[in-house]
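Visitor: Sequence:
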Amino acid sequence: MKKLFLGLLLTIMLSIPTALSAQMRWGVTAGADISNLKWSQQYFRTTEFTSTKSLGYFAGIIGEYTIPGIGFAIDLGLQYAQRGASMNLGDFKIWSDDGYGDERSYLHYIDIPIHLRFKYSNMNGFERKLAPFVFAGPCVSILAAHNKLEAFDYKPVSFGVDAGAGVELFRKYQVSFCYSVDVTGAMKAVKLDNFHSSNRTWKVALTYLF
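Under our numbering, think of the first position of the sequence shown as 7, with each following residue one higher.
The hints are simulated quantities; they were obtained by calculation from the structure and are not laboratory data.
Just to be clear, a hint being listed does not mean it is correct.
[Unchecked claim] What follows is a set of in silico ranges between Cβ atoms, one per label pair, in the way DEER data are often shown:
id, residue 1, residue 2, range
1, Gly131, Asp108, 48 to 58 Å
2, Ser102, Tyr185, 26 to 36 Å
3, Asn200, Glu156, 14 to 24 Å
Note that CB positions come from ideal geometry on N, CA and C, so glycine has one too.
Construct all of the structure, not just a fragment, from the sequences and the given hints.
Guide: Written out as structure tokens, the structure is:
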């Protein structure tokens, strides 16, 4: 996994000089996210294991390389994001014996999204005021920190897939919505085999492009 991550960073670094010589825009982005943890087992014996959604936030930088003439672009980002969920650990003896109750999991990530974007811009000049777009692509999430819940082991790096849509206003502002699915997992229980979770996240973002 480390070799894959290093290879991805190398690909990004090698692509920057080419992008800078073409049509490249940089900007800042920030927004809110609603995240939850999807567990591999919903039921533990007769009691349902539940987690509830959590409100978080994210902020960072974004680069947009536009492929001339066809409406497609490649987005690169570097963002800090807080995600997590609340869990009913106290309902299970395996964890209540260790003093756990209803616990909140805080997960702090450095996200590196790489999206392919299509922006509809053939609207007789109206696209200079408003242009809709859609995007999708992978995202690498590096775990920067988490609160201390020793009942779980945490994955240092996870990989996800993003998909979303939005509008660009006056060629400077972008408002977008995105759904992100973690495909490699975020954390797993120490005392149980085959009991692990992955992140599911809805995001809304406001971006300003220079």
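Visitor: Determine for every hint whether it applies to the structure shown.
Guide: Status of the hints after comparison with the structure:
1. Gly131 x Asp108: 48 to 58 Å: 55 Å, holds
2. Ser102 x Tyr185: 26 to 36 Å: 34 Å, holds
3. Asn200 x Glu156: 14 to 24 Å: 19 Å, holds
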